[in-house]
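All residue numbers for the sequence shown refer to the numbering used here, where the first residue is 15 and numbers rise by one.
If you are wondering where the hints come from, they were derived from the structure by calculation, not from laboratory data.
No experiment lies behind these values; they were computed from the predicted model shown.
Certain hints may be false.
[Unchecked claim] With a straight-line cut-off of 25 Å between C-alpha atoms, the simulated PhoX-like cross-links for lysine-lysine are:
#, residue 1, residue 2
1, K285, K63
2, K328, K317
3, K410, K83
4, K352, K63
5, K410, K19
6, K120, K155
7, K19, K317
8, K179, K285
9, K328, K179
10, K321, K63
11, K39, K97
12, K144, K179
13, K19, K39
14, K321, K19
15, K144, K328
16, K97, K328
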Amino acid sequence: MNPTKLIFNPFAAEFHQNPYPTYAKLRREDPIHWSLLNAWVITRYDDVKSLLQDPRFQVDDLPLRLQNKSSYLKQGDLYTLSKTVDKWLFFQKAPEHTRLRGLVSKVFSPGSVELMRPLIQANVNDLLNKVKPDGKIDLIKDLASPLPALTVTNILGLPTEDFEKLICWSYDLFFVFDQPMSLEGYQRQNEIAIEAREYLLDFMAQQRQYPNQGLISQLQRLKDQENGLSEDEILGFCIMLLIVGQETTKSFIGNAILALIQHPDKLAQLKNNPEITNQVVEELLRYDTPVQVIARLATEEVKMRDKTIRQGDKVILCLGAANRDPDQFPEPDILNVKRPNRNLPFGGGIHFCLGAFIARVQGQIAINTIVQDLANIQLATDKLDWRESITLRGLKSLPLTFNTNLR
Numbered sequence: 015m016n017p018t019k020l021i022f023n024p025f026a027a028e029f030h031q032n033p034y035p036t037y038a039k040l041r042r043e044d045p046i047h048w049s050l051l052n053a054w055v056i057t058r059y060d061d062v063k064s065l066l067q068d069p070r071f072q073v074d075d076l077p078l079r080l081q082n083k084s085s086y087l088k089q090g091d092l093y094t095l096s097k098t099v100d101k102w103l104f105f106q107k108a109p110e111h112t113r114l115r116g117l118v119s120k121v122f123s124p125g126s127v128e129l130m131r132p133l134i135q136a137n138v139n140d141l142l143n144k145v146k147p148d149g150k151i152d153l154i155k156d157l158a159s160p161l162p163a164l165t166v167t168n169i170l171g172l173p174t175e176d177f178e179k180l181i182c183w184s185y186d187l188f189f190v191f192d193q194p195m196s197l198e199g200y201q202r203q204n205e206i207a208i209e210a211r212e213y214l215l216d217f218m219a220q221q222r223q224y225p226n227q228g229l230i231s232q233l234q235r236l237k238d239q240e241n242g243l244s245e246d247e248i249l250g251f252c253i254m255l256l257i258v259g260q261e262t263t264k265s266f267i268g269n270a271i272l273a274l275i276q277h278p279d280k281l282a283q284l285k286n287n288p289e290i291t292n293q294v295v296e297e298l299l300r301y302d303t304p305v306q307v308i309a310r311l312a313t314e315e316v317k318m319r320d321k322t323i324r325q326g327d328k329v330i331l332c333l334g335a336a337n338r339d340p341d342q343f344p345e346p347d348i349l350n351v352k353r354p355n356r357n358l359p360f361g362g363g364i365h366f367c368l369g370a371f372i373a374r375v376q377g378q379i380a381i382n383t384i385v386q387d388l389a390n391i392q393l394a395t396d397k398l399d400w401r402e403s404i405t406l407r408g409l410k411s412l413p414l415t416f417n418t419n420l421r
């Protein structure tokens, strides 16, 4: 009998429901796998970590590919989408990446983020207070989605009441990371990019007259100085933060609470020992990583194990698979809150996620508050609805019932 041919199909419904059996099979049988996506799929921890830091593997050429797709459109173009994405940190190379990151990194430093804890806690409390009388919550819609949107509006200095507009933009535009997509899908994303840029341009004009303490005003004050950001760079960075800062945190909070509900002993452990929250958060980030894959391009021929990655080949680094590698994490499919922290939830190298610390802090506050304030948390559905994304693992909704703890 011939062995079953190993096929990596990230579009399959069963993969969206649970990608980890597929990752395990790839790690065992073909850890450097040439896939139907015409890309190498890398699934072992050591390989993923090594390639994230290897200068022979550069960022994806998504902005250029978006430009090229315009020629296939019967009308219109993808110019605004391409121009916007081109200024995202993910697709910047040194020295532009170094300059841009240096100008904004202070806002995302541990010290600056720690100062935001009271505001984040207040937002979590307000969101939970709205649903406590009913004893039920759609965790994604009612908390995990609005929380990072409110945080981003505060960082940028945008009007708080506009947070729902940001949620709508982020949900659709995050799919720009997923390849391939229909031309209609790209056109929809181009329309969102146009709408978001117009909104931000109007706001930036107001800020030139009446500046506040938000990041947009700060960047505008630096615009005309040496090494300051251009208007396009400010727009690109802000839209990147609106999109990625929301979707990854939203997915993480949803995945984390689901995992705790499915492991009631760990949920009880956290409820009785809130001082271990940070440790629990790290294990939850490993257990069901929100950002599942990162793409890179080989700039020269590279030999790995028994495979040859050619110059120009696309490489898909599977963070979700790396974080379940048994060679690095014994019994990787078990939630172990005492596990040493060696996870890879936020990438690595010069493109390590700028917002990693603020994502962690929002997760720490949201998860601990939910666990402490709500009792007898139960799933209110027998069917989980996952997003159809290759890059992001997250739920579309997470309906729960609970009793309110009075403290």
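Tested hints:
{"no.": "1", "hint": "K285 to K63", "result": "violated, 33 Å"}
{"no.": "2", "hint": "K328 to K317", "result": "holds, 14 Å"}
{"no.": "3", "hint": "K410 to K83", "result": "violated, 29 Å"}
{"no.": "4", "hint": "K352 to K63", "result": "holds, 22 Å"}
{"no.": "5", "hint": "K410 to K19", "result": "violated, 32 Å"}
{"no.": "6", "hint": "K120 to K155", "result": "violated, 31 Å"}
{"no.": "7", "hint": "K19 to K317", "result": "holds, 23 Å"}
{"no.": "8", "hint": "K179 to K285", "result": "violated, 34 Å"}
{"no.": "9", "hint": "K328 to K179", "result": "violated, 34 Å"}
{"no.": "10", "hint": "K321 to K63", "result": "holds, 18 Å"}
{"no.": "11", "hint": "K39 to K97", "result": "violated, 39 Å"}
{"no.": "12", "hint": "K144 to K179", "result": "holds, 20 Å"}
{"no.": "13", "hint": "K19 to K39", "result": "holds, 11 Å"}
{"no.": "14", "hint": "K321 to K19", "result": "holds, 18 Å"}
{"no.": "15", "hint": "K144 to K328", "result": "violated, 46 Å"}
{"no.": "16", "hint": "K97 to K328", "result": "holds, 22 Å"}
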